[in-house]
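Read top to bottom, the protein sequences are chains R and E.
Take the first sequence: its position 278, counted from the start at 1, is 278 in the working numbering, and no numbers get skipped.
Take the second sequence: its position 344, counted from the start at 1, is 344 in the working numbering, and no numbers get skipped.
Bear in mind the hints are in silico, worked out from the structure with no lab data behind them.
Hints should not be assumed to be uniformly reliable.
[As the list claims (entries may be wrong)] Here are the simulated DSS-like cross-link-like pairs (lysine-lysine), alpha carbons at most 30 angstroms apart as the crow flies: (1) LYS359(E) with LYS228(E); (2) LYS396(E) with LYS139(E); (3) LYS139(E) with LYS193(R); (4) LYS354(R) with LYS139(E); (5) LYS101(E) with LYS396(E); (6) LYS355(E) with LYS139(E).
[Stated by the list, open to error] Which bits of chain R does chain E cover? Going by a derived footprint, with three or more residues having C-beta under 8 angstroms, they are: (7) 54-65; (8) 433-447; (9) 575-584.
Ideal Cβ placement from N, Cα and C applies to all residues, glycine included.
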Amino acid sequence: MGEIEAPRSAGSVAVAAASSGGHREQTADQQVAHVLSRLAFGARPGDVERVRSIGVDAWIERQLHPERIDDSPLDHFLAANYQTLTQRPGELEQRYPSPGQLRNQLVGRGGDGALSAADSARLRQAQLGMRQITGEVQSARIARAVLTERQTLEVMTDFWLNHFSVFEGKGPRERYMIAAYENRVIRPNALGKFRTLLGNVARSEAMLFYLDNWQSQADSGRPRLAQLPQRGARGGRGRGRGGLPPQQMQQVAQRLRAGLNENYGRELLELHTLGVDGGYTQDDVINTARAFTGWTIRGPQQGTEFQFQPLMHDAGEKVVLGHRLAARRGIEDGEDVLDIVARHPATATHIAFKLARRFVSDSPSTALVDRAAATFTRTDGDIRETLRTIITSDEFFAGAAWRGKVKSPFEVVASAARALGAQPDPSPRMAGLVAFLGQPIYGHQAPNGWPETGDQWMNTGAILNRINFGMAMASGRLPGVSPFGFANADALRTEPLDRQVDGVISALLGGDASPETRAVLVSGQNPLAKGDAGTMLEPPDAGAPNPMMPPGGRGGRGGRGLGPGPAPQLRGLPLIVGLALGSPEFQRR
Amino acid sequence: MQRRYFVKSGAIALATMGLSPSFLRRMTFGVELPGAEKGKVLICLFQRGAADALNVVVPFGERAYYQMRPNIAIPAPKGGVASAIDLDGFFGLHPALAPLKPLWDRGLLAPIHAVGSPSSTRSHFDAQDYMESGTPNVKGTTDGWLNRYLAAAGTCEQCQVSPFRAVSMTPQTPRILQGLAPTVAMDSLDQFAVRSGGDAAARLEALYRTGSADLVHGAGNEMFDAVKMLKSANPQRYQPEHGADYPRSQFGQRLKQIGQLIKSNVGLEIAFADIGGWDTHVNQGGVQGQLANRLDDFAKSISALTTDLGDRMENVVVLTMSEFGRMARQNGNGGTDHGHAGAMFAIGGPVRGGKVHGKWPGLGREQLFEGRDLALTTDFRTVFAEVASGHLGATKAATVFPGFVVPGALGLLG
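With the rest of the complex left out, here is chain E (with noise of 0.2 angstroms):
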């Protein structure tokens, strides 16, 4: 029997003394709770389909990455809509990212370039695969290493921890979250509730409220337990603060709900989310068009939850991620084709922004992966592992990131 049904069993006792759930709510999810209040949290976002990093975080330092995009490179800054956001005199942003920008001049957004997979793959589903277990070229792992993570830092054996504790705003339990430590997975928090009118609700809780104390009636308690927080927490009612404006997009509202977790402090720590549409092989337009597009949803949305959470972002780090770039060169369609080595953005308070990360492996020929690609110079497993031990405190790497020794800090953080 797991440690939470053990748990929980103590609470099924103490419901039927007859104690009120009021005083179970209490129990189980006040000051006992680690770091519910204002503890860290960890939003991976993922961009499924490989974002062209090239586009994304712009090397117009770089001749070559003119020579070889004739048709959809981003143009050096020169103010306005038209030509990159110069970053540090090499790298810019596309332009349709603008709104991350305040971010990086107040130090809270990280770049972080050429990395990606050490795997040579240019599939997206063995690529992705390898991204979300955390172990790339290994087909057989069974779990995702967010996963790994939640499982192996259960430091209190008796804590109670959060049924929130780990959320993903999808229909399916990612690949990067499953595994043995319980997580949810929601559309929307709405969904999040018995769907039932009259008293069915309260009959189907007493069902499970009473009787023995097995796998199914620990896991029907702990769900009531997290029925009654999430409401008690009012999501319907929420507001956005400080003017932040979610994009309608399916993206922005699952970001908005992120942040309406996060403030309703029902102890959230790993949230996950993912977007797609990166898979531009054809026409995928430079300043403008269909990259420019799916940038504009991603950048609204990160900047209104930064907004909404304002000081919270203080122990809060957004990291996204996307399973691997695209050739350096552009296509016979105005598209790119796969590639390797991508971008990553780290956002944050504990995030040390103002500075695009990793070691440029250059765009000349003989520089190229595979005379093609974007060279690798940060396996994904770095930053991951970063972000793990130094924003969330993990102390068992191995067990996220078996047989990966971490090969020096990048210095993501602090």
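Same shape as in the complex, but just chain R (with noise of 0.2 angstroms):
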């Protein structure tokens, strides 16, 4: 420890393994790098030398307790910049209702399909109001990675939002309920117990509408909880058995003609739980989707918000992995299955199995896996104690683990942010750049998840996009986004060009690059070395409007790519940067 110099490459310094660890190949200057790529989204200035000086393992255990860090400076970016991240879906839906249906609304009252100009304005600021939701939540995740302490919750809100997957595209209402599923739903229960978190997705409004389970009810000829009342014949409180306003009866009615939908209860078990080789049965689909009937969402009039129906729920006995559900039961047959999915055993193994990819390797060891599902088993599903067993294990600190696993493009955007020192950005360009690199924000359309390996998108199309991508980042344009932003960058402006090189491969590669990519770094000149005048170090166009961003269009979905424009000419240490942010060591944690 206590080394300044950088490094050339890992291999050339040889410290002694963290005291507190068992057998850790990793250097110690390596450990404080990978735990800020692996439970953290990258360095920012200062990192390194704040883990290093409280030690990597108090570091982690810091981690593992999100509630004890401050996070006040975040607190207040979120409170200044955005309107929409608190609100429930209900009060979304009602403020910012559908274009979709507000443009048929309107074309219907004026008969022969023409809008007024009153007409078209509302519609244009509905549209407006759609986007800024949409568009809101995604830069608000990029904020998050970028500016908050607790990290590690952050790197396990990206894990659990990708698991327990959503799609925004789904439909206009799924909109409206990303934002309390992200805030209210997922973060607050990412290091918690599994089955809570399990639980509170099969209520929230998002899942149930995306997985379709909010209109699966009990097939025709099954006996369901409650009947609707014959017509004419209703209650003298003007409500039926299923405790209805009419209206509200009427729209039930209306799906009553429709059945049970498999949907959530085939991915609850595949996806969620279990997972594919579970070994559950299709009869187990079955039964889990007819347990799960009548866990709907009220209609936006009512709120937009959870509700068991006992008109749409299925009566029958049910038998879901062996365990018999009674008959004549209604919110339990839901409960129930919950219960046995999150303590099923293929469960901790597909959990474990999950953590320890996302966290370690590609192809993670059977050993650790099983250790990490021991843990699940034995702490009734506490996510912090699994996690902690993945993360502080010797497989975690490995050589082999060293930048064993290729940046997502969520992660390529918030690590090249945070080395750079930027400020976020509220507007959704940055959450357009992560589109543009191929995995937009809430935009997965199947409920699988972005794929975790690398092999299944480090291609042809990614690597040209993440090249321009990180000049971009370092030609000064990006709002809030400086190339001199990194650590020690304006102590480097007047340095030799090697000191500048092994400058930027410190704060940006983590203090290792190959000799090959070094060398590439340190083929130029650094005129202000040599006396030169000192413009060349400038971008050009600083001041120039940003050509290279996407337009705004659909809330950074679809991001529209770094083009058209002028290409950025950078020079001296900005180019050094674009390049080390476009090398293939940065592509990797």
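Make the complex out of the two chains shown on their own, each in a separate frame, by following the hints.
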């Protein structure tokens, strides 16, 4: 420890393993960079020194208890820059009507289908509102990743949002539900008990809508927990046996034509808990789906929130994974199924495997997965403890784990912004860059989430976009991002080229670059070091409007990429930064 | 490690031995590339939003059609622009599709009617998902059917596959192309370049041409080859041929770039583009109006592409699709609501054109699906599978459409 000089490559600095580790193959410097790239979204200026000073293990322990970490700068940023994040789905749906529905309403009213100027303005307003909702939720994800001190909590939030993936394009209503899903369902439970997280997801409007369970109900011929009253035989208080006001009764009656929808039941078993080889049958899927009939969402007029609707619930007996659920029960059916699957051994293995793959290696060892699964089982699905088993393991600190993972697009953007000490931008532009790199936030259509392993999305187009992203970040044209924002950048301006390169490697590449990469980075001259005019270091057109950015369209989904517009002409330190961000080393964590 | 990176690591070895990039390029993309010169091409065009098939390929021989659509029906052919274009005495094209009529006359255009998904869903999201995954009613499928074709069709383990084998002219990889096989998605061809002045591009290339032969380096190597390949095809200088006049619309420009790619001989086999605006619930119009405007752009763009490609259409099939059709009856707002079966077009030399394919189910009340929509007589997988095997030569249809048994050829090709 105590080495200040940036190492040329990890192999050249053989520092003894940290005192607390068992058989940690990584050097002390590697361990610091490793935890910052795996348990955080990369290092900001000063982070390496901070982790070093408190020690890797103490830092991990601190991160595992986010409730003890003050995060007020982030809270202030969010409160000052976003309007819709804290609102519930019902509030959003009332305040921001869906443009499609509004259009039909307005056109239907007019008769001939033409829109008045005032109506057109309302419609435009609705479109903007919708874009704002999605744009804010995407933008805030990046802002959090860049700003939060609770880094491991945020990494875990990202993990669970991908595990319990929802898609903003499912329909307009989904967009009202995502902020609450992320902020009230996922993040508060990301390090808690798995059963609690699972239960909150099961009741979340976002998942009920995305996987269609909100409209799943007993097939015709099956007994229902409650019946619609006969026409004209309504009770004196104006409520039917389902406890509904007449208007909603009508909606339910319309929905009653359709039957069982297996979508959630299947994905609950296959993706959320047991895993595809978890040993369940098609009968288990059907019975699981039957258990969740009636888990639905109130209509927009009733507040758009979770509701158990007995009129839709299949009241027959069910058998799920060998457990018998007696007839004539209600919401307990679903809760029992959640208990059964959350505590199933296959779930422990499935979750342990996914965590190990995310944090250690694309193909984690069976031994590690088994130990993590044992912790999961022993602690009744305690996510914090399961994670602790993984991230304090020798496998986590193995030499093979060093840079063993390819960064996801989200990680590329967040880690570049952090390395450059960027100020988060409340617009959806940063989120547009994530989309440009191929994985738009809340933009994965299928319920399995983005693939976790690099081989599935590291290809020709992806690498080109990453390289162009790096050059754009270093161009100084993105709001809040300066190529001189990385650690010790100012002190490096007049240094000789090789020291500049070492400084960039230290700040952006965890102090470790291959000899080939370093050779490429130094293959230029620093005019300042030779006493030439100093203007060469400034990026050109520093004050010019930014032609690199995608237009705002659709809140950052489908980001338009970094062109057209003149390509940046980088020189000096910004060029080194741009090359480093585009280097193979930066693509890994 | 996937095959393509294994192949690439050989190229890296050559590069580090000091062999020239031009040699590399020739070796990688020259004669060894199967079918790169005059290979078979499939262009899939997705009409997102559910196109109103009954006003696209008009069953003017059905009295029920006019009864159900008093305000928006396309009049039976009587010449001129205000009525359907007669195809076979029963079906006609919407007049805005006039640019496609010459293709019909030359036997290159085959409409397929009453085709679509066996799923009864009327959700855009679900129906597009099914059409692209190729697995109706199965939501968990993670890849798209075109990608499964690409992955299954790799018959030559040692062959170098072009990085431009499958290209989507869209900002994101569409569902239909997602999966294990490599594909490229881009907004425009000139975007496919290292956007940096000075010597940065050369130095970036050096970063990936040296060092270890791993996943990231492999992808980088492949990318720099691809960029050079495209640059030598010089897309900026592109002049469409045979007087082809592409509309300035986004769709028109994307088809133009697909044409460019095909003529650049970069090994394109699968191309994809989409066009929105088909969800005509309100005021869809008849011979003129909203739907007519979409069809105008659609037809002129496709017509320009086929004109531009000229003789190359001998090896090209254009296949259009939309997630479902619309209700047979018009609604209260001069539009149509979500329906069931729809219509597709297959266009190209390999296509048996000049004939409306598929079995017509009729529009009588008892013939309609759920009493309201055009009924389905052809599963879209029948069409997809026929094109994949008959045109592209896929031999593993079962891998591309798991669980689907082709009920008998439609006779679309040949």
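A quick look at each hint next to the structure:
| no. | hint | result |
| --- | --- | --- |
| 1 | LYS359(E) with LYS228(E) | violated (48 angstroms) |
| 2 | LYS396(E) with LYS139(E) | holds (22 angstroms) |
| 3 | LYS139(E) with LYS193(R) | holds (28 angstroms) |
| 4 | LYS354(R) with LYS139(E) | holds (21 angstroms) |
| 5 | LYS101(E) with LYS396(E) | violated (35 angstroms) |
| 6 | LYS355(E) with LYS139(E) | violated (34 angstroms) |
| 7 | 54-65 | violated (count 0) |
| 8 | 433-447 | holds (count 8) |
| 9 | 575-584 | holds (count 6) |
Going down the numbered hints, you'll see the structure goes against 1, 5, 6, 7, while the others check out.
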